[in-house]
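Construct all of the structure, not just a fragment, from the sequences and the given hints.
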Amino acid sequence: MFEAIAFYLFAFLTISMFYIAVTTQQALYALSAIAAGMLFISAFFFILGADFLGAVQIIVYSGAVMALYAFGMMFFDTTREVKEKHGNSMIVLGLSVLVAFLVVVIFAVPLVSGNITALYPIVEGAGNTQEVGMVLFTKYLVPFEVAAIMLLVAMVAGIVLAGKKMDLSLTLMNEAQIRDMRDEENKKVLS
Amino acid sequence: MDTAYLIETIIKVVVVLLIFSALAGIGTYFERKVLAFMQRRLGPMNVGPFGLLQVAADGIKLFTKEDIIPTNVVAKVFKLAPVITAATAFMAAAAIPFLPEFTLFGYTVHPIVADINIGILYILGIMGVGLYGPLLGGMASANKFSLLSAARGAAVFISYEVVTGLSILAPIMMVGSLSLIDFNNYQAGGVGDWIIWSQPVAFVLFWIAAFAETGRTPFHLIANDHEIIDGFGTEYSGMRWGLFFIGEYANMFFISFVIPLIFLGGYGDGSLLGALGLLGKMAFFFFFFLWTRAAWPDVRPDQLMWLCWKVLMPLAVVNIVITGLVMMF
Chain U
1 MFEAIAFYLF AFLTISMFYI AVTTQQALYA LSAIAAGMLF ISAFFFILGA DFLGAVQIIV
61 YSGAVMALYA FGMMFFDTTR EVKEKHGNSM IVLGLSVLVA FLVVVIFAVP LVSGNITALY
121 PIVEGAGNTQ EVGMVLFTKY LVPFEVAAIM LLVAMVAGIV LAGKKMDLSL TLMNEAQIRD
181 MRDEENKKVL S
Chain D
1 MDTAYLIETI IKVVVVLLIF SALAGIGTYF ERKVLAFMQR RLGPMNVGPF GLLQVAADGI
61 KLFTKEDIIP TNVVAKVFKL APVITAATAF MAAAAIPFLP EFTLFGYTVH PIVADINIGI
121 LYILGIMGVG LYGPLLGGMA SANKFSLLSA ARGAAVFISY EVVTGLSILA PIMMVGSLSL
181 IDFNNYQAGG VGDWIIWSQP VAFVLFWIAA FAETGRTPFH LIANDHEIID GFGTEYSGMR
241 WGLFFIGEYA NMFFISFVIP LIFLGGYGDG SLLGALGLLG KMAFFFFFFL WTRAAWPDVR
301 PDQLMWLCWK VLMPLAVVNI VITGLVMMF
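The listed protein sequences correspond, in order, to chains U and D. Here this note's numbering is used: the first residue of the first sequence is 1, the next is one more, and so on. Here this note's numbering is used: the first residue of the second sequence is 1, the next is one more, and so on.
Because the hints were derived from the structure by calculation, they are not lab data.
Covered stretches of chain U (in silico footprint by chain D; criterion: 3 or more residues with CB under 8 Å from a CB of chain D, positions within the stretch not fixed):
{"hint": "1", "segment": "26-32"}
{"hint": "2", "segment": "61-73"}
EDC-like, lysine to aspartate or glutamate: derived pairs with alpha carbons at most 20 Å apart:
{"hint": "3", "chain 1": "D", "residue 1": "Lys79", "chain 2": "D", "residue 2": "Asp230"}
{"hint": "4", "chain 1": "D", "residue 1": "Lys12", "chain 2": "D", "residue 2": "Asp2"}
{"hint": "5", "chain 1": "D", "residue 1": "Lys79", "chain 2": "U", "residue 2": "Glu81"}
{"hint": "6", "chain 1": "U", "residue 1": "Lys164", "chain 2": "D", "residue 2": "Asp302"}
{"hint": "7", "chain 1": "D", "residue 1": "Lys76", "chain 2": "U", "residue 2": "Glu81"}
{"hint": "8", "chain 1": "D", "residue 1": "Lys144", "chain 2": "U", "residue 2": "Glu81"}
{"hint": "9", "chain 1": "D", "residue 1": "Lys76", "chain 2": "D", "residue 2": "Glu66"}
In this text, a Cβ means the ideal position worked out from N, Cα and C, and glycines have one as well.
Structure below.
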């Protein structure tokens with residue numbers, strides 16, 4: 001009974017938070033509602049007994065949404081309302097109801113037909129964290145490593161794009177060129 | 001889930017809430033006294049014996065002050081921000097074993113609200129969420145100093161979560177569990193078994209990051225009085241400002257419990273001496289927060305970022321790699 005109460009409570013809270021995030025015109029409300037919604041989603045993991053995933057959900061999304069806040073801070077005055085252009089709201093409503101219906105159907109059909117089985121059943125005696133590790137480093141090892149490489153690529157790209165004078169290489173320049181470059185910089189500082 | 005468990009949990013929650021909100025108040029008294037003695041002053045003296053009732057006087061003042069919501073602020077978020085700070089601080093306490101289990105009138109009490117098997121991750125996550133309080137308060141305030149402090153809050157949050165997580169990874173690899181009780185049992189053999197002896201680097205890194213997470217003095221940039229007034233708290237008054245304060249002090253107490261539990265043997269074998277030992281270690285780490293405030297200047301924001309990304313994070317990664325190699329061979 002407690003699980004049912006908790007499920008419906010958090011389902012209601014999550015949906016209402018994301019509803020606020022979509023409908024409000026105040027950037028700060030939208031961001032805070034997203035943060036709260038992401039936190040409430042972690043409750044479902046805890047209800048299902050997947051403690052590790054629940055905690056990871058909190059850590060990852062609280063950090064990710066924090067980055068969104070930083071963008072919000074850089075781009076708007078977050079204490080003012082954002083004026084949005086509204087098209088025909090009926091189309092938006094119709095499409096979102098249709099999509100929601102489709103998503104429910106996609107997940108409900110295997111349940112109804114009853115042929116859903118766990119490909120990787122729970123290992124007896126292993127804790128939550130260990131089970132995640134077992135699946136991650138056997139079945140899903142390749143996607144896991146590919147994701148790591150993609151993150152590495154993104155990090156290098158970010159550093160190259162943000163760094164200054166990244167097109168120059170000190171190892172390929174001789175002493176005189178480097179001295180000229182330093183002099184140039186010093187001139188700029190003095191002038 | 002039986003009713004006895006439910007009632008027990010509710011009682012534990014209430015006890016933790018009451019004790020630590022009171023301790024947060026007394027913590028301010030200690031801070032003022034310790035700072036005063038270190039600076040050769042007297043500190044609070046006039047209200048009650050040794051100024052002890054100053055805490056009550058401050059409480060009355062905060063509760064009875066007018067709760068001002070300035071114009072131009074985003075009112076709902078502005079009102080919510082202090083509650084987030086205080087609430088998340090206490091939520092983190094749910095996974096901390098404050099004392100070893102003991103028997104009271106023939107009933108075994110486990111002084112931990114929820115013994116989840118990912119306690120450390122949960123505490124780190126919730127403490128991270130706690131930084132939403134200053135961030136939201138600063139962004140909703142319609143004040144430039146508050147906005148600056150919010151920006152610093154976001155930077156500190158994103159950077160020092162990395163150091164905390166990485167530094168604690170090496171002890172987690174050794175213990176093989178994320179539960180603080182397992183950590184304690186791993187070190188139950190006595191002083192020689194403490195993780196600090198095998199992981200001194202992780203201990204120092206975690207300790208440094210704890211200062212950033214709680215926003216204490218060497219990294220007190222989020223509300224640095226001498227350059228950005230009170231930062232996110234500038235526009236707040238009365239008990240809303242007080243909630244920020246309670247959150248900060250509760251966080252300090254909780255992190256002072258977590259450091260000994262992870263690195264310094266916790267409550268040991270669970271005897272009375274071990275329990276007192278945990279309280280003593282907690283008191284030392286809390287005192288150290290105050291000591292640093294009296295002794296050290298603040299670093300600049302760029303120095304803070306430099307320290308995090310160029311010193312602490314590489315050290316943490318090297319520490320993990322070495323730990324992994326040692327464990328493998």
